[in-house]
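Protein chains in written order, with our numbering: chain A, 1 to 180; chain B, 1 to 526.
All the pointers check out, no bait thrown in.
Every beta carbon over 12 angstroms from chain B, so not counted as near; a handful from chain A, in silico:
| hint | residue |
| --- | --- |
| 1 | D15 |
| 2 | T47 |
| 3 | A55 |
| 4 | G139 |
| 5 | E163 |
Which stretches of chain A does chain B cover? Using the computed rule of at least three CB atoms under 8 angstroms from a CB of chain B, they are:
| hint | region |
| --- | --- |
| 6 | 33-45 |
| 7 | 84-91 |
| 8 | 101-113 |
Taking beta-carbon pairs under 8 angstroms as the criterion, some of the chain B residues facing chain A (in silico):
| hint | residue |
| --- | --- |
| 9 | L106 |
| 10 | T112 |
| 11 | M113 |
| 12 | A114 |
| 13 | H124 |
| 14 | L126 |
| 15 | L127 |
| 16 | L128 |
| 17 | S130 |
| 18 | Q132 |
| 19 | A134 |
| 20 | E138 |
| 21 | V142 |
Just so you know, the hints here were simulated from the structure itself, not pulled from any lab data. The model shown is predicted, which means the values in this text are computed figures rather than measured ones. Using N, Cα and C, we set each Cβ at its ideal position, and we do this for glycine too.
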Amino acid sequence: MYGMIHRAVRQMVLDTRGEATWAEIERAAGLGPAEMISAEVYDDEVTLKLIGATAEILAEPVDALLLAFGRYWISFAERGSFGRILDFTGTDLVSFIGNLDNMHRGVQAVMPDARMPTFHLVDSTPGRLIVSYASSRTGLERFVEGLLLGLLDRFGLTGSVSERPANGHGRQFLLTYSTI
Amino acid sequence: MQIEIDESVLGVLFPAFVILDDSGRIRQFGPTIARRFPTIAGGDRIETHFTISGAAPDGDLSALAGSSQTFTLVGHVDQARLVGTVLRCSAGLLLTLRMSPESFLLDSSDYTMADFAPGDPAIHGLLLLSMQRALLDEQRTVVRELAKERQSSVDLLDRVSRVAGFMAHDFNNFLSIIKLTSDRMRMELLDQPRLRRMLDIIKSTAARGSAITRSLMTLSHQRDDTRILVSIDDMIRDNAQFFSTIAGTGVQIKMDLATTGLVTAVSPVGALNSLVNLLMNARDAMPEGGSITLRTQVRRLPAGAIGRSDEASDYIVIEVADTGKGMAPEVLSKAFKPLFSTKPSGNGLGLASVLDFARESGGDACIDSTLGRGTEVHIMLPARPAPDVAMAREPGLAGPHPGSETAPTILLVDDEPYAIEALAELLEAEGYAVTACQSCAQALVELASKPFRILLTDIVMPGENGTALAEAACRMQPDLKVILMSGFVPEGQSMAEDWMFLRKPIDTATLTSMLRLALDGPVAAE
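Construct all of the structure, not just a fragment, from the sequences and the given hints.
In structure tokens, the structure reads:
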């Protein structure tokens, strides 16, 4: 994965637990500044090692960590260099999710080694969305769930996200929400 | 051609569409127009909000209907540009407009994807440039972080280095006391071989402790070299065979040594390493063979020519000249830089260490080289006349005689009482008259009251500084010989060119030979 994912994990730990905890995670994962270069592609094993060490040091199940990290990723991206790109993608939840693939195509043009997931709005009614998700990676469903919760936060909505049985390709998530 | 499209579909295909009625007034408009031009209302004339270009001079757009000719609208308020074509529809004219970014930088606009029709190439262009800018920003942040990280590592290493240095200092002091006391006991136990054997074990263990302190000193960038007076000519002559071996069979070494009677205060190990480095470079520059000239001469250099010298001084110049391929100017300009090397397996430290050695010894080094004609490296070292060399070399006259009324006087300064006790006893046994002081203040009082031949002082003492004492002592007694001793030399300590330096833990044999050297003159470095 790209180093920006590692940077986001680091920032989440720094924001929530402080520098000493991050130093502990770095030592446990055997990582350092060389693995924190945004545009560098690292083997997925490096990322998994980082996630594993973070979960262990924070004493959290990996699924819970992935959920929290997905939610954090949205706020991390909007505060950083990619903030304007998020704004460009959409100003409301429905248009944002509808344009995600479009945005990912633009990202891939600059980061050709990125393996981007695809999102599709299966159904959209007021306060309720069904979003399909497909990726060449497996095991990131809780991260995606966190991302969708992060999007609710971003657009000032309150609600829930749950995975629902899907037929065929990919996974599906149900978002129910209302304005805060 | 007239088309009819449902308004909701129209809004997706052309988010910035506008429908004009037959009188040219705005009848309907798309979501992008509504968002970006909130003052537009149905019934307004299009010219009220936009400047039209690409249409007829009177702004009549109907002439363009059905053609592929595009026209441009530029907003009066925010100069936003819309480009499109004109189609006829049942309500009048359909303007199929799309946003036309003046700049493809998202930062300077408030566009969203919804402002563009699906598949509009502007989306891809905006994303591409914005991603590149975002990644550049990210990279700048990463570079700043890495620089900060590097600085933190340097600071940490510096702190560790200083701690290591002070640990080495204390450890070396203790080892010195153990070694010196063992030597004292050994002299008392001449007829007790079993106890002497035990003392040997103690000394040997102390020597192993010295190896640990050397590691600590390496960590604190301390040189492990003892600095003594050396005759460079003698050193070169004594190592001539060794030098020939380094040069190899195809290279002839010619010697032209002309500094007899002069010495310089240097680390013999450093001097020898420097010459070996230069000979290896010369050999490598002559793969087909050639000759190396090792020349020494005395040269008087004007004030300020080297370091902070404030008057003209004599220097021993060691020249190593080869007949090899020489260096191009761009290579020559970097030759002394650490880590620079033109050799495939070179580490770029050889010439850099030669320059370090020369400067640490109060001198300098320089290179002359011409491509195709060879290279000359010059090392300049402060010269001083050798004392009576003949006396020093004559067997049986090397040391003073215990109890002699003319016993050379030594002012010994060290804050460690056990070190003072051991050193004083050993030196007195060697025939010196020792005055021992545990502080610099006490030593200055002694210096004011009587003359001494040698000042033997520790450098690092609580609240005091051995080099400052030596400077004051030399002002009070200009003929005084100085030997500094320490297990750790803090940064900023400068030593006069003719002072000698003895690394702790002290080896008795090295100390006594250095004292003789200070009094009588130099020997060749081995």
